[in-house]
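So the chains spell out like this:
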Amino acid sequence: MTWVLSFDQQGRAAAMLARFDAGLAQLADAVPAHRPTAATYAANGYTPGANSLSGDIIRAAGFSHLAAELGLTHGGFLPLEALILAAPDLVVVGETYSGNSRAEEILSHPALTQLRGGRETLEDRDWVCGLPSVVDAVTRMRVARDSIGVAP
Amino acid sequence: MSFRFLILSLTALVALLFAASLVTGVAPVGPGESLVALISDDGGPLTMVMREIRLPRAILAVMIGVSLGLSGAAMQGFLRNPLAEPGLIGVSSSAALGAVLALQSGFAMAFTLALPFAALLGAVIGVAMILFLAGPGGGAFTLILAGIALSALTAALTSLLLNLSPNPFAANEIVFWMMGSLADRSFDHVWMALPIMAFGWLALARTGRGLEALTLGEDAAASMGFDLSRLRLVLLGGVAASVGAATAVAGAIGFVGLVVPHVLRPLVGGSSSRLLLASALGGAALLLAADVAVRLVLPGRDLKLGVVMALVGAPISLHLIWRMRGQS
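Each protein sequence line maps, in turn, to chains A and B. Each residue of the first sequence is one higher than the one before, starting from 1 at the first, in the working numbering. Each residue of the second sequence is one higher than the one before, starting from 1 at the first, in the working numbering.
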C-alpha cells in the first residue's frame, strides 16, 4: 500500500519540480539591470541575512539585499535608526502574532510606516521553507519591485 | 546656594542633557548635522530619525524623570522616610501589572488613554496598599517589607500574564517591564502618557505646603489646619497618575525617586515644597543621563535603564539603610 502511494507521489513531485524550475527560469530571464534595495524586518528589529532563503528570494525578485549591503550576511539585529537611515526602497515585514508584544510594536513605529519606500507583508509560511510556493513569493516581490519604478 | 540659582542650574543641566540625548544614537552622524536635520526638514531619512525616533525618546525621558523625581520627593515627605520611592516600594511594579493586564487582555485598545489609565489603576492599588500598611506611624522597616512583598507579588503576576500570552515574544518582555527602557518609543507614547502624567504633576505640586507643615509632625500639621486625609488622597492620585503613565510607556524604572531627592535635599535646606520642584528637574536630568549612558555603553542593543539606575541607586539605598540603622 505504502509503496503504491509513494509511487504516485513521485510522479506528482516530478511535475511540481518541473513547474518550480520553469517558474524560476522565467523569473531569472527577466532580472532587471537596476536593483532597488529591499530589507526584511521582523520583531525586535531582526533581519535575516543575505545567506538565507529570504535573501535568495529578494535577489531573485530583482532587489538588492539591504542586510548584505550592511554586512549582515547571516542576519542580526538592525536598530530601527539604522534601517531608516539606509532608506530602503521596500521593507518586507511579517504578519504579527495575536496578543501584544513590545517586540512587534517596532513594526508599527511611525518612522517605519512613514518610510517613503514601499512596504510589503509576507506571511512566514510564504518563504520560511524551501517549498514550491517560493516561486509565488518571488513573483509577488517582483510585482512590488516593478511598482516601485526604475530609478535612474 | 540660593534656591533660584539651584533651579537655574538644574534647568540648564536638563537642557544640556536633552541635547546630548538627541545627538546620541547608532547612526554615524555628527551632532551638528543631526540638530540641523531636526530643525529643518530636508525630506531625508535623517530628519525622520531625529523627529520620529530621537526627539520623542528625549521628551519621554524628561517626562518620566519629572514624574519619578516628583513622586519620590512627595512620598518621602509624606511618609517622612528617605527610602519611600515608587520602584522600591512596589508602586512601579503594580503599575506595570496594570499595563500588562490591559495590553494582554486587549483593554489597551478600547480607547486612546486606556493603557496609561490601566497602569494608573494598578498604581492606585499599589500606593493605597503601601499607605495602608506603612502610612504615618508605620515605621521605616514596615514600609520596606510591605514594598518587598508587593513587588514580589505584582512581578510574579506580570510574569505569569506574559507567559500565558499567545504572543511568543511576550514572555521575553518581563525584563522590559521590570527594568524599563526608552528604545524605539514614538510620539504615540508621548501623547498617550502626557495627559495623565500632567494631571499627576499638578496634583503633586499642590502637596507642597501640606508636606512642609508635616515636617513639624502630624499633630502640628493638623493644628495648623491641614487636612491630612485630603493630603493623603491628593498624594495617592498624584503618585499613581504620574508613575502609572510613566510605567505604561517605559516599564518600571527604579531608584530615580530615591537618588534625586537624596542628592538635592541638602541643597534646598530641607524644605519639602522646594524639594518637589528641584526633584522634578533633577529626575529629568538623571533619566536623560541614564538614557544617554545605556546607548553609549551598548549601542543598538537596548541595555535596560533599570541596570544603570540600580548601579547608581542601590549603593545609595544601602547607605540610607546603614544610616537609619544607627538611628533606631
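Some clues are possibly wrong.
Sample of chain B residues at the chain A side, in silico, Cβ under 10 Å [unchecked claim]:
1) V26
2) G30
3) G44
4) L46
5) M48
6) E52
7) L103
8) S165
9) A183
10) T215
11) G300
According to the in silico footprint, chain B covers these stretches of chain A (three or more CB under 8 Å from chain B) [to be verified]:
12) 70-80
13) 84-98
14) 105-115
Simulated from the structure, these hints should not be mistaken for lab results. Keep in mind the model is a prediction, meaning the values are calculated, not measured. All C-beta atoms in this analysis are idealised placements derived from N, C-alpha and C, irrespective of residue type, glycine included.
Status of the hints after comparison with the structure:
| no. | hint | result |
| --- | --- | --- |
| 1 | V26 | holds (5 Å) |
| 2 | G30 | violated (13 Å) |
| 3 | G44 | holds (8 Å) |
| 4 | L46 | holds (7 Å) |
| 5 | M48 | holds (5 Å) |
| 6 | E52 | holds (4 Å) |
| 7 | L103 | holds (4 Å) |
| 8 | S165 | holds (4 Å) |
| 9 | A183 | holds (8 Å) |
| 10 | T215 | violated (41 Å) |
| 11 | G300 | holds (4 Å) |
| 12 | 70-80 | holds (count 3) |
| 13 | 84-98 | holds (count 6) |
| 14 | 105-115 | holds (count 7) |
The structure fails hints 2, 10 (numbered hints given earlier, in ascending order).
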